[in-house]
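Participant: Sequence:
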Amino acid sequence: MATLGEQISGSSDRGSIHVLYGPIDDAPAAGGYVDSGNITGIGEFAGSSLALGHFNDDDYTDVAVGVSDEEVGDEGAAGRLAVLYGNASGLSTGRVKLFDQDSPGISGAPESEDYFASALAAGDFNGDGVDDLVVGMRSEAVGSATGSGASMILFGNTTGGITTKGALWVDQDTEGVPGTMATDDHFGWTVGALDTDGNGRVTPGRSTRQRGRHGNRPQGEAEHPGVRDGPRRGRLGLVRRQRRRRVRHRAAALTQFTSELAVRFGRRAPAPA
Numbered sequence: 001m002a003t004l005g006e007q008i009s010g011s012s013d014r015g016s017i018h019v020l021y022g023p024i025d026d027a028p029a030a031g032g033y034v035d036s037g038n039i040t041g042i043g044e045f046a047g048s049s050l051a052l053g054h055f056n057d058d059d060y061t062d063v064a065v066g067v068s069d070e071e072v073g074d075e076g077a078a079g080r081l082a083v084l085y086g087n088a089s090g091l092s093t094g095r096v097k098l099f100d101q102d103s104p105g106i107s108g109a110p111e112s113e114d115y116f117a118s119a120l121a122a123g124d125f126n127g128d129g130v131d132d133l134v135v136g137m138r139s140e141a142v143g144s145a146t147g148s149g150a151s152m153i154l155f156g157n158t159t160g161g162i163t164t165k166g167a168l169w170v171d172q173d174t175e176g177v178p179g180t181m182a183t184d185d186h187f188g189w190t191v192g193a194l195d196t197d198g199n200g201r202v203t204p205g206r207s208t209r210q211r212g213r214h215g216n217r218p219q220g221e222a223e224h225p226g227v228r229d230g231p232r233r234g235r236l237g238l239v240r241r242q243r244r245r246r247v248r249h250r251a252a253a254l255t256q257f258t259s260e261l262a263v264r265f266g267r268r269a270p271a272p273a
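For the sequence shown, the numbering used here assigns the number 1 to the initial residue and increments by one for each residue that follows.
No lab work stands behind these hints, which were simulated from the structure alone.
From the three backbone atoms N, C-alpha and C, an ideal C-beta is built for every residue, glycine too.
You may find that some hints are simply not true.
[Said to hold, decoys possible] Simulated DEER-style distance windows between Cβ atoms: (1) Gly176 x Gly198: 33 to 39 Å; (2) Asp26 x Ala182: 49 to 55 Å; (3) Thr183 x Gly5: 25 to 31 Å; (4) Ala88 x Ile24: 18 to 24 Å; (5) Asp197 x Gly160: 26 to 32 Å; (6) Leu98 x Leu4: 39 to 45 Å; (7) Met1 x Thr190: 17 to 23 Å; (8) Gly198 x Thr40: 42 to 48 Å; (9) Gly160 x Ser11: 18 to 24 Å.
With these hints in hand, go ahead and build the complete structure from the sequences.
Facilitator: Have a look at this one:
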């Protein structure tokens, strides 16, 4: 959970992330804390959006953090994305990747009040078994249409996590997206991920592959009772075969997702009769 406006002692930074570890009964078993003062470049309302996923191929949950009001260069509130990768000890401030519209591979340029990463959603959009991210930019200017808004899809991979390689840009001028782009539409104000046809793709916060571990927990904490790693060879073989089938349908999956995103999160309401 995020404490968006928390003023960090001894700095001008604002925003912090609180991690509560289970099992949770009357209180969490343990807790963790990451504040914006410990990570350079996320000092303006860190936690304006959050998304959980497995963005690489390990057994630990990762967290994408939107910092929508972050200054990039001289552009105030251009926005930034931070991806914190988990390990056996929880989230680490030493394993962070930062992205903004000045990053190679990300379209556009940082501009004041773009609010890059003001909305986030995670899911396996291309069926490769690793979670990806939808990044909303609610006030992005597209051409002369200021505030029309846009979204990007950043893909995860098994070795490096979230990357800009193959990133997709979606706005209301994208082929197949319903509606008409206009000033102050704010396409991408909210984004989401859902599996509309039951094929196992696009599951928020969890990739389609099976996981044998309980997830992130503080170093030294025992596994939750009843959860153990056990032999998974047969299950993994099945998952690998499923992955190969999904990759063959990657192009179809991306086309379908673009249409679903537009219909559910970008279409303007029809005018009254």
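Participant: With respect to the beta-carbon atoms only, verify the hint that Gly176 and Gly198 lie 33 to 39 Å apart.
Facilitator: Given range 33 to 39 Å: violated, Cβ gap about 22 Å.
Participant: With respect to the beta-carbon atoms only, verify the hint that Gly160 and Ser11 lie 18 to 24 Å apart.
Facilitator: Violated - the Cβ-Cβ distance for Gly160 and Ser11, about 30 Å, lies outside 18 to 24 Å.
Participant: Take a look at whether the Cβ-Cβ distance between Asp197 and Gly160 falls inside 26 to 32 Å.
Facilitator: holds, 30 Å
Participant: Measuring from beta carbon to beta carbon, are Ala88 and Ile24 in 18 to 24 Å?
Facilitator: About 20 Å separates the Cβ atoms of Ala88 and Ile24, which means 18 to 24 Å holds.
Participant: For the hint 49 to 55 Å, verify it against the beta carbon of Asp26 and that of Ala182.
Facilitator: Holds - the Cβ-Cβ distance for Asp26 and Ala182, about 51 Å, lies within 49 to 55 Å.
Participant: Given the hint of 39 to 45 Å, is the C-beta distance from Leu98 to Leu4 inside that range or not?
Facilitator: Hint violated: Cβ distance 18 Å, outside 39 to 45 Å.
Participant: Honestly, do Thr183 and Gly5 meet the 25 to 31 Å range at C-beta?
Facilitator: With a Cβ separation near 30 Å, Thr183 and Gly5 satisfy 25 to 31 Å, so the hint holds.
Participant: Is the distance from the Cβ of Met1 to the Cβ of Thr190 consistent with 17 to 23 Å?
Facilitator: holds, 18 Å
Participant: Starting from the hint 42 to 48 Å, judge whether the C-beta atoms of Gly198 and Thr40 obey it.
Facilitator: holds, 43 Å
The structure fails hints 1, 6 and 9 (numbered hints given earlier, in ascending order).
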